[in-house]
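Visitor: Residues per chain are reported as follows:
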Amino acid sequence: MTSLYNSEYGERADIGSLPHVAIRHAVEQAAHLLPSQGPITVFVHHNTLHAFEDLDFDEGVKAGGLLFGCHAYLPEERYRTKLERGRIRVTDLEAVLLDDLGDDADRLVAHFGTRYALRLAMLQFSLQTAEPAQLRWMIAETDALRRFREEVAPDVREEMIDKTRRWVMRDLQNGGAKDAPVIDVLGDVWEQFDRRSMDSWDDRTWEAFVLNFLWRVCHRGVGEVRSDDAHEDVCPPGQRHRDVLLAATGEDADLLVNEVLFRTCGPFLDQGFAEWEIPHRRQGLYQSFLKLHSQSFASPTSWSAGLRRETKRLIDLGIGPLDSIGESLSLLGVAEDEWEEYIKHSLLALRGWAGMVWQMETNAEWAPHPAPAGSLIEFLAVRLILDRLAAETVARESLSYVGPLCDLRESAASQIPSREQDGTDHRAFTVFQLAQVRGWKPEDLQNLSGELWSTLVHEIEAFSGLERRRVFHLAFERKYRNETLDAVIAHSRSHRDKGPVPVAEAGPAYQVVCCIDEREESFRRHLEEVDPDCETFGVAGFFGVAMYYRGIADAHFKPLCPVNIKPQHYLVEEPLYSLLQSDRRRTEARRRIGQVTHQAHRGTRTFLGGLLTGLLGSLTAFPLVARILFPRLTSRIRRLYGSIVETPGTELRLERVADEPGPEDGHVGYSVDEMAAIVEGGLRAIGLARPELFSPLVIICGHGSASLNNPHEAAHDCGACGGGRGGPNARAFAQMANDPRVRRLLRDRGLVIPEETLFVGTYHNTCDDSLTCYDLDRIPVLQRNLFERAKAGLDEARKRSAHERCRRFESAKTTLTPEGAQRHVEGRAEDLSQTRPEYGHATNALCFVGRREWSRGLFLDRRAFLTSYDPSQDDERSPILERMLQAVIPVCAGINLEYYFSYVDPTGYGCGTKLPHNITSLIGVMDGAASDLRPGLPWQMVEIHEPVRLLFVIESTPTAMQRIINDNEAISLLVKGNWVQLAVFDADTAQMHRYVDGDFVVYEPESTELPTTDTSIDWYRGWRDHLGFAEVGQMIGAAR
Amino acid sequence: MTIERVFYVLGLIVVASPAVLLAALGVTSLSGRPLGERTISRLTQVSVIAGLMAALGVLGLMLAFDQRSVPIELGNWVVIPEQHFHFHLKFVFDRLSVPFVILSYVLCGTIGAFTSRYLHREPGYGRFFLFYALFLLGMVVATLAGTIETMFFGWELVGLSSALLVAYFHERPNPVRNGQRVWSVYRIADAAFLIAAISLHHLYGAGEFDALMGVGPWPEGHVEIPVSTALVVGLLLLIAAAGKSALIPFSGWLPRAMEGPTPSSAVFYGSLSVHLGAYLLLRVSPLLEASLVLSVAVVVLGLTSAAFGALAARVQTDIKSALAFASLTQVGIIVAEIGCGLRYIPLIHIIGHACLRTLQLLRAPSLLHDYHSLENAIGEHLTHTPSFWERRIPERGRVWLYRVSMERGFLDAVLDAYIVRPFVAFFRWSDRMERRWTDVLSGSESRESDQVHSPSISPEEFL
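Protein chains in written order, with our numbering: chain L, 1 to 1040; chain F, 10001 to 10463.
Incorrect hints may appear among the rest.
According to the in silico footprint, chain L covers these stretches of chain F (three or more CB under 8 Å from chain L) [unchecked claim]:
{"id": "1", "segment": "10255–10267"}
{"id": "2", "segment": "10350–10360"}
{"id": "3", "segment": "10373–10379"}
Please keep in mind that the hints were generated in silico from the structure rather than gathered at the bench.
Every residue, glycine too, gets a C-beta built ideally from N, C-alpha and C.
Just chain L, same shape as in the assembly (with noise of 0.2 Å):
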């Protein structure tokens, strides 16, 4: 990124100088590692550990994790219930794990068995631990040392018991005891059975006694390891002062520091919420504090007199921030080789606020209220500037220090209490756990020398937590991964055996291009399963037509693009031309209508407004009740009410007249030729590019969602239009497609479109699957009947579709009818207190490229993003393919990853519950009152995700696949770097190739099976949770 900062400062050093370079450089640097979302009113996804991407996967989350304190992986107790249940099968966990040890595998491990067994046995079994003092209670108290664990084959069981009793009725009985230490063990064992009546002991004393031995020896072997690993610096480089304090003292300094913080940030990113502007708001964030802070008799206590205090001085002296970072920093004597750490972990303490600050500044020239240049290094000489008071007070309160700052750290690091713990206790467990799963004998355990005893415990502590994780995770990876390459074998086959069936030797009756979204797949099932004779497509939903785009009751353009386009058109919605007069009543209406509404919403919170309102409050009690009681009905009549207002009929400017795009008159829409491109990019895209494959109704769909009550309502939307909605980009790119000049120019180029074909768009709306066509008035008196045969077949499918979103929802009877389904969607759009309006990506884990045939007819769940392509259309060196997956993977990879992240950490990476949340400054929310800004994803929005890796299957050749992973960047970032999973697909052999460590590998299928299912809703109906592959029947070789 090219540095921000060279604009004019104020400061009274000169710019260049070193620390100045340097504290910008450690800036610039932290500012990659903060969360990149921005207003929350644009809802970008996309990786949260984008910042990580350069390393690979596994070492990716392990950094990310330690930096952000975040969990890499799902906790280990999530991954064995999905053991239990079988969404992770012991035959994956052998697989992963004899393949991620390769060659060490069969390494032996003193005389315990093979590297390998070892770790298969930490896996399948969990190894309790505790704290030091739960353990003893665990050891005295329960019946660790009494029973078997109940994992424990019997078998293995009895020859535990058995062999040790006959070693030592035999040995130790008589006189074989020379071992000195052996006797010391049992000697304590001894204590606790009777051994005069050891004749007549019944089996369960004999396994209590075998089990205390076993014990004593596993505590007595490893009491003799050393630990090898070094004490932790007890305050490293870069530490923060209060973490110091907070070890030392158990005194938060963050709390003063944060309080005056939130009451800063918020008002100087707020876009319009407050009443009041911050003072000097425009002299920037550093500047407007100062001057708030400084002000007289407002500093009634001591932390706010030294503010004060601090801040005059500041003023006086014409401190600029880059100095006061400089000076701060050697106030707090932080040397000069820490200040990049130390600056990244101040700047990383209030993560999502400086992120938004960043945000604010580089990438949100469209908001009201961007913040100015060099802000966050401003944000961050006021955190010093709070640090080091705070750190001051605390130290001074809770510790009694009085001297120099910059002594404090150490002086603060010489008063943590020490935590030295004893392992042994801990350790030994462990090893016995294991010694019963594994069946090691106490007479086996008790000849270890110590150096064996030291190869075991650090064998055993080299597969730690994290790493059994990891392994977990492959594993369950590996399942689901398997069983969908199986799947797309088996019905490629049999898709194949049975041949094409001649329903229709016409081609399809029409066709429906969706966007690639995996929520439309149900959609598109359902419809080919509505209406086989239909054939539908996945394209980007913005098709093509990246713009800036305002509707008629819009104020402002809004881009209708990914993000990584910056559009160059702007496109605007018109009233008919012959409803342009009365619209202008309408227009004048809406504004008056909403002026009032704004001044009343604003009086409620003012004095005089507020004792109005309140007294006639008693009348919202109405609308109160009835919308949240029957939130169906109410919408129904506001939108009675809204029609009144509303123009009726609208059409898109589309032409541009003048030679320049821009968002003036005239300069507005697109040329003839930029319409040509467009249609063309996008029908060669999905393979629609011969004339007989054109049917003679094309319908485009573009898709977005609408909630209530939803702060996170931007993130459901479409991802390809940048998180907006694709409405309009279908509407424009349908009426360019039927322009006839256009079709001249195409034609020209060898892409003809047949005459009688008529494209139609669409906007589908994913929360309450609600359908509107638009332009109806331009349809043909000839197409009517098809286009009302196509739009019966869409609402049966919306319907269904409906139908089976709602076996998700737990508050959705699992009996519903489709019509039930859909009124059940409706009003959960409206209903204010629905904070699961719908589930968005939850649960994508698949990303399909290539030819519909091989996936038709297969239930994927609404798991898999759907892309057309036609490999027959494109040449050798795939340009198509490779134009398509430039967007589509990180598109996808980015949905996928900032789900996986806030699945796995919900709190972390993600925002945690909504329930709590508290918009701010109209850019955010918080958690309650006041606290951090949140970003990343809810957790009712991602509850039913499955944490797995986005798995692409492309229909292409390895040799093709290299070729493109090697020529763009970030798709090789995030392929070879494993952030993805990648398979290719030849579709006419029905052969997978898997992408392993940079090579194509031939996957062999485990299984040849596939369930079959009549329709659909026969597969699913009645189930709530993941569903596997199944073939559908009655829709397999429909269309062509």
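Go by the hints and put chain F onto chain L.
Guide: For chain F alone, kept in the frame of chain L given last:
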């Protein structure tokens, strides 16, 4: 069946239905058999509807038979003859309590329906509804109370449930901290209330409002006690009301209370619980009339709180704090109205304000949506034109006012620095002294608890 009998049964249903709900939810969770979401929500519905219908029935009968005050006696629950004390459970339906109890039922019922969907699949679902039942019972008891000790009982339940709901997300430190803050402020208010109640008992030997406020149904009571006594008792009750209604200087807790789930913020701090202080003042309004100084104090306190709230609301950048301060403004005005001797106006004001604020808080997550549609309707970004007063304050003054409003009038900071800290410091000092003495006496370290360290977090937890 006589009309008295009907009144008695209906009145009993009004009070008993939330009590039954509380018992049902409480006993099942105590016995380790928590109910399912659907059962809880159904029970809540039944209880609220029963209570509401009974309250409406009482209202209807009162109108039909032109009765202005209906007492429901539940007898003495505690009698200590030597001390001349009896805990007398008595409820009164009159022009003040009936509208208020209906309001409580309507709002709580709506919120109950809202929450049953809002908290769907939330692990604390049962806990929320338990606190909710506690709150509803507290509201109903406090509202209908015919004796000061009954009112105190309800008042305590409301306080307890409010503090617990603020700390609903107890896995994060901030809600717990703020919950404790609310709880502490409530303690002060309760202490004042209790002292006032005891003084009244000393004066009359009983806590019946009839006895205190003289004959005649509300609002026509008239007290016959010396002005000075009325002033002292009145001031104590004013402190109690100020704590409960977040008037100055206790206002700091109101925005902090927005930690719980949105519906609890809406119904409790936005609408019902925050008005309870004002309700108390209305209930003892004859006392206010007895002392001019007291009335003036009430007006002054109300107006300053209102002015402070209006200022602070202007600078807030988050929706819930802005609404909290907006609530404070209205509550301040309501209190001032009461101080001016108005009776029905403040009652209407309370009801209107409570409904409005509940709706606004429930819709708080729609803020972005609403702003967006307003912008679209108006056709430009929403701007704020400086108000009449803003234009008349000089620049320096504006900055100063902004700072003070932003810091919420330094109310919390001042309370912390000059009341809480000395208080805590004193007890810490006492603790140190005690330790020193016991160490000396035992000749060694005398406190075993000093040796215990809290367990460190296991490294397995993270990463």
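Visitor: Taking the hints in turn, state whether each one holds.
Guide: Each hint tested on the structure:
1. 10255–10267: holds (count 9)
2. 10350–10360: holds (count 10)
3. 10373–10379: holds (count 7)
The structure fails none of the hints (numbered hints given earlier).
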